[in-house]
Amino acid sequence: EAAVTQSPRSKVAVTGGKVTLSCHQTNNHDYMYWYRQDTGHGLRLIHYSYVADSTEKGDIPDGYKASRPSQENFSLILELASLSQTAVYFCASRTDRYEQYFGPGTRLTVL
Amino acid sequence: GDSVTQTEGPVTLSEGTSLTVNCSYETKQYPTLFWYVQYPGEGPQLLFKVPKANEKGSNRGFEATYNKEATSFHLQKASVQESDSAVYYCALSPITGNTGKLIFGLGTTLQVQP
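Chains A and B are the protein sequences, given in the same order.
Under this note's numbering, the first residue of the first sequence is numbered 45, with each subsequent residue one higher.
Under this note's numbering, the first residue of the second sequence is numbered 181, with each subsequent residue one higher.
So that you can see chain A by itself, here it is in the shape it has in the complex:
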């Protein structure tokens, strides 16, 4: 069974602070993704990566950075957290057959 883990599972941050969300996969997949989930918007793609040390912008990248230091690890960074970034964040990796496996999510609350 594919395995994607995320940490922390929940976090409270202050406006203007820096937040780092981490994702680890043991699937040996090349592609990894970060999505955010909001009521009324479903899941939307923030950043993705297909190889270590390289990241690409998704559909809603503003206010977010990503880092892929190794094939297994993919981080999402909020340099200056804002209230509008309160959401649940999901990491995923995908197979060569385009099947994505998601982590359990991180609930981020920005106050």
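Per label pair, the in silico range of CB-to-CB distance:
(1) VAL191(B) with SER128(A): 26 to 34 Å
(2) ILE104(A) with ALA250(B): 25 to 33 Å
(3) SER198(B) with SER114(A): 41 to 49 Å
(4) ASP97(A) with GLN256(B): 43 to 51 Å
(5) GLU249(B) with GLY107(A): 34 to 42 Å
(6) ASN202(B) with GLY84(A): 14 to 22 Å
(7) GLU195(B) with ILE121(A): 41 to 49 Å
(8) ASN72(A) with GLU222(B): 21 to 29 Å
(9) SER238(B) with THR153(A): 37 to 45 Å
None of these hints come from the bench; they were simulated from the model.
In this text the structure is predicted, and so the values were computed from the model without any measurement.
Quick reminder that beta carbons are idealized off the backbone N, C-alpha and C, glycines included.
With the hints as your guide, set chain B onto chain A.
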């Protein structure tokens, strides 16, 4: 751009009744279509995918047919159970570019009453 529209929820059914969740998509490409299911406190899980038009996908009693002419991919189940209560997402993945990114619908919450 690419988009997915699905039945607005919540959908409330009694155990043993049939389910249809409508899904329509828009894209200029030839996508692979997916249904994902999400249980409380978990990430979405792949229910099944269909990469080719006019083919059917199925899993756990759920099924959907990729209708390219109607640009639809409706989810059906003949007899729902309480354990089917979850959020269901229809999604597409454009073939062009090989990014494999998913475009999701807004999700449909299904509540099954015993």
